[in-house]
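Residue numbers (this note's numbering): 10 to 307.
Incorrect hints may appear among the rest.
Here are the simulated PhoX-like pairs of lysine-lysine, each with C-alpha atoms no more than 20 angstroms apart in a straight line [claimed, not checked]:
1. K184 to K31
2. K17 to K74
3. K165 to K213
4. K59 to K74
5. K89 to K59
Per label pair, the in silico range of CB-to-CB distance [as the list claims (entries may be wrong)]:
6. K196 to L46: 43 to 51 angstroms
7. S21 to S138: 23 to 31 angstroms
8. K74 to E172: 54 to 62 angstroms
Don't read these hints as lab results, they were simulated from the structure.
Where a beta carbon is used, it is the ideal one built from N, C-alpha and C, also for glycine.
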Amino acid sequence: MNWNRYIKDYQSYLRIERGLSKNTIENYSFDIERLCLFLETNQIEISPVKIKEDTVQEFIYAVSKEVNPRSQARIISGLKSFFSYLVFEDYRNDNPLELIETPKTGRKLPDTLSIQEIDRLIAAIDLSSNEGERNRAMLETLYGCGLRVSELVTLKISDLFFEEGFVKITGKGNKERFVPIGEHTQKFIELYQDTVRVHQVIKKGNEDTLFLNRRGNQLTRAMIFTIIKDLAVKIGLHKNISPHTLRHSFATHLLENGADLRSIQLMLGHESITTTEIYVHLDRSFLKEVMQTFHPRK
10 MNWNRYIKDY QSYLRIERGL SKNTIENYSF DIERLCLFLE TNQIEISPVK IKEDTVQEFI
70 YAVSKEVNPR SQARIISGLK SFFSYLVFED YRNDNPLELI ETPKTGRKLP DTLSIQEIDR
130 LIAAIDLSSN EGERNRAMLE TLYGCGLRVS ELVTLKISDL FFEEGFVKIT GKGNKERFVP
190 IGEHTQKFIE LYQDTVRVHQ VIKKGNEDTL FLNRRGNQLT RAMIFTIIKD LAVKIGLHKN
250 ISPHTLRHSF ATHLLENGAD LRSIQLMLGH ESITTTEIYV HLDRSFLKEV MQTFHPRK
């Protein structure tokens, strides 16, 4: 069974015709590779052109024992897209996932950190090393500007407009936006630049990249995840956090302090206000406080 050729053609389609980012394409491909692994493990030799609904259903059932409904829904969606492509290209006549139902996931609200928890997380950084100054600047930037992790690792020095109080961010689909940056965050970026980065040997092609690893290369997203996870363990924080948590906390704290959704939407780079509404949930205690403060019948 030769899946590789079909997967490569599909990846080219996603990149060229749909204009998706490398990260998104990798996520789509991961779902297909997971199906391939299932077929190999169970010694089922069948091509993507011949595979039937019952075989895919067996795979979905096996996956459901390992992942939560949200991840399961994502896998089904990814595979539906792949087989729809095969139908579109006349490799198949039908989509074997057409009748497979996506599990209901509800609205998933990510963990949010309080201001005190963010302060503790940053205070736990070991500043005795060069990486410490860099990590503090990175976390302050993630939270101070509400960036995606992919936006942080690709941030350029030439995108910093400190005198104007903005940074230029290249987000999903290579769309650019300007995000305000406060003096507090600027201070730690400049400290990192002046005390650490200025002394680094920088690999060719990374001269304009702001945050670098010890070898002078651009940091990976996985490295940022590891740094934050390790800090959470260090302070005994029992929340499932990631770089995304700091972005979510940025938006939530803005909303709690009176910012309007439209402004938050622009800063986060969301195309739809609906996405922002899901992002910036308000916990019940805050809603209760708003009711007691502002309602005439409190």
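Report task. Hint says 43 to 51 angstroms; check whether the CB-CB distance for K196 and L46 agrees. Result -> Because 48 angstroms falls inside the window, the suggested range holds.
**Report entry** Agreement of K165 and K213 with the hint, judged by alpha carbon distance not exceeding 20 angstroms
**Finding:** Holds. K165 to K213 sits at ~14 angstroms (cutoff 20 angstroms).
Query - Restraint check for K59 with K74, where alpha carbons must lie at most 20 angstroms apart - result: Outside the cut-off at roughly 26 angstroms; violated.
Requested in this report: Verify the proposed pairing of K184 with K31, using a straight-line Cα cut of 20 angstroms.
Outcome: Roughly 15 angstroms separates the two Cα atoms, so the pair holds.
Requested in this report: Please work out if K89 and K59 have their alpha carbons no farther apart than 20 angstroms.
Outcome: holds, 15 angstroms
Requested in this report: Determine whether the Cβ-Cβ distance between S21 and S138 falls within the hinted range of 23 to 31 angstroms.
Outcome: Given range 23 to 31 angstroms: violated, Cβ gap about 43 angstroms.
Requested in this report: Using the Cβ atoms, figure out if K74 sits within 54 to 62 angstroms of E172.
Outcome: holds, 56 angstroms
Query raised in the report: If you draw a straight line from the CA of K17 to the CA of K74, is it 20 angstroms or shorter?
Result: violated, 29 angstroms
When the structure is compared with the earlier hints, violations turn up for hints 2, 4, 7 and for no others.
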